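**Student:** In case you want the letters, here they are:
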Amino acid sequence: MSKNTQCQTHLDTLRREHREVAGTLLSTMDGFEVAASVGEQISPKKMAAMTSSLLALAEAVSRESSVGQCRDLVIESSAGLVLMMDVPSTAHRSVLTVLCTEAAVLGRIRWAARNVREAIAQTLDAQSAA
Amino acid sequence: MSAQEYKLIFTGTMGAGKSTAISTISEIEPVSTDVQRSEAGNDAKVTTTAALDYGEVTLPGGDRLRLYGTPGQARFDFMWKILSEGALGVVVLVDNRRPDPLADLREYLTAFRDVVAGSRAVVGVGRRETHPVPDLDAYHDVAAELGLSAPIVSVDVRRRQDVLLLLDILFHQIEATEA
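Protein sequences appear in the order of chains A and B.
For the first sequence, the positions run 2 to 131 when the working numbering is used.
For the second sequence, the positions run 1018 to 1196 when the working numbering is used.
These are calculated hints, taken from the structure and not from any lab test.
Note that the structure is predicted; figures quoted are calculated from it, not measured.
Every clue listed holds true.
Restricting the straight-line Cα-Cα distance to at most 20 Å, the calculated cross-link-like pairs of lysine to aspartate or glutamate (DMTMM-like) are: (1) B:1024 to B:1102; (2) B:1024 to B:1073; (3) B:1024 to B:1195; (4) A:4 to A:87; (5) B:1062 to B:1051; (6) A:46 to A:87; (7) B:1062 to B:1117; (8) B:1062 to B:1173; (9) A:46 to B:1056; (10) B:1024 to B:1046; (11) B:1098 to B:1124; (12) B:1098 to B:1131; (13) A:47 to B:1094; (14) A:47 to B:1051; (15) A:47 to B:1124; (16) A:47 to B:1056; (17) A:4 to B:1056; (18) A:4 to A:119; (19) B:1024 to B:1044; (20) A:46 to A:13; (21) A:46 to B:1094.
Only chain B is shown next, with the shape it has when bound in the complex:
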């Protein structure tokens, strides 16, 4: 079988690590559309993604992945639709430091419902080492409430192995549904 190309989406709230995850594993210099934030938030983040992030990675089998990161803020939700077009799967990143990370998960699972419902999603929860609550069971409950199921794992998007593991889980998930 010849090598294939797949499009994957990284989404989640601002600061969840979408741009970082893509730059951690991309083999090309990632395309970034960061702009200066005009309103300083409570965090130290000075820039935010306005359009998309883009990176590429080749899997051991030769398949190539095109990685698209969405903007995090809901006012850019038109980009979510544009970027979802033709996507094979979605990685939802959640930041456990946020005031209500379960609500964040609910929002993104709902927005990407079509992709998630086809069992083509994985959820990565970040910063659990410093912010252990809520635990992963609480995340599973949120997915179940929405009638969805997705693997949910702890992740540090700065670690290449962690991000590759997310993709590995996502592909197993996709293969299982297609088999």
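Next comes chain A alone, as it looks inside the complex:
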């Protein structure tokens, strides 16, 4: 199974196991889509570029405020939330984005997403070592 297919499986699982997860996306730090599981109304390409900009800006704010390295970014909106997480792969540092409905509880989603991000990081690093 290719690296991207395995990542796709992780994304699909997260979406399937949590009803409040409306979509998931894995993208490179510089804004290219790697794998996505989102509804038709969302463009993964555009989301990939946008999350890249947001995380880059959040990192700049972290630096400016001397609070260390930026790990997660949460957008709480009127009808849901968007969670963006740094995937700590050494070979392919990337971003995991989780789109949630308003039914989502942040702590629960964060916990689930953290597990997926670890799994994705392992997948990305294992592949490049092979």
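Place chain B on chain A using the hints.
**Tutor:** Okay, now just chain B, sitting in the frame of chain A:
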């Protein structure tokens, strides 16, 4: 008249020198949002701007300029719109080493058409000393084709004087239209 604050945009293709231009003249440590490029291009550039660059400079008259650099790549074009909001003028940087720098100019003049059309733009063409073709007349022709006019000059964004000259030209241009 009291000192004013103005917002200016630096835009152009990846590698044209937007981040460099801002860091060359900024009086504060510039804000950078560089990220590692995942796909190596033909050039040696390893990072690219994902959100914006930011710097500040004070003009001799006391006016302060807030300088915003856009990402170069078109997939970040939503940032172009966000950053253009409230901008007084735009500096378009072009890299003459690129395969088709005239097409690059066309793309950015079109994307920033609203600002450019108000005669609030200047174009800086870089690396002309090693890549003299196309010449500045060809750039003027591209602007004319689009029904736009902007001063077009050669620039080395690593030189503070060059970047300040670009801003000087831009301000003359803006004042001329407002007078």
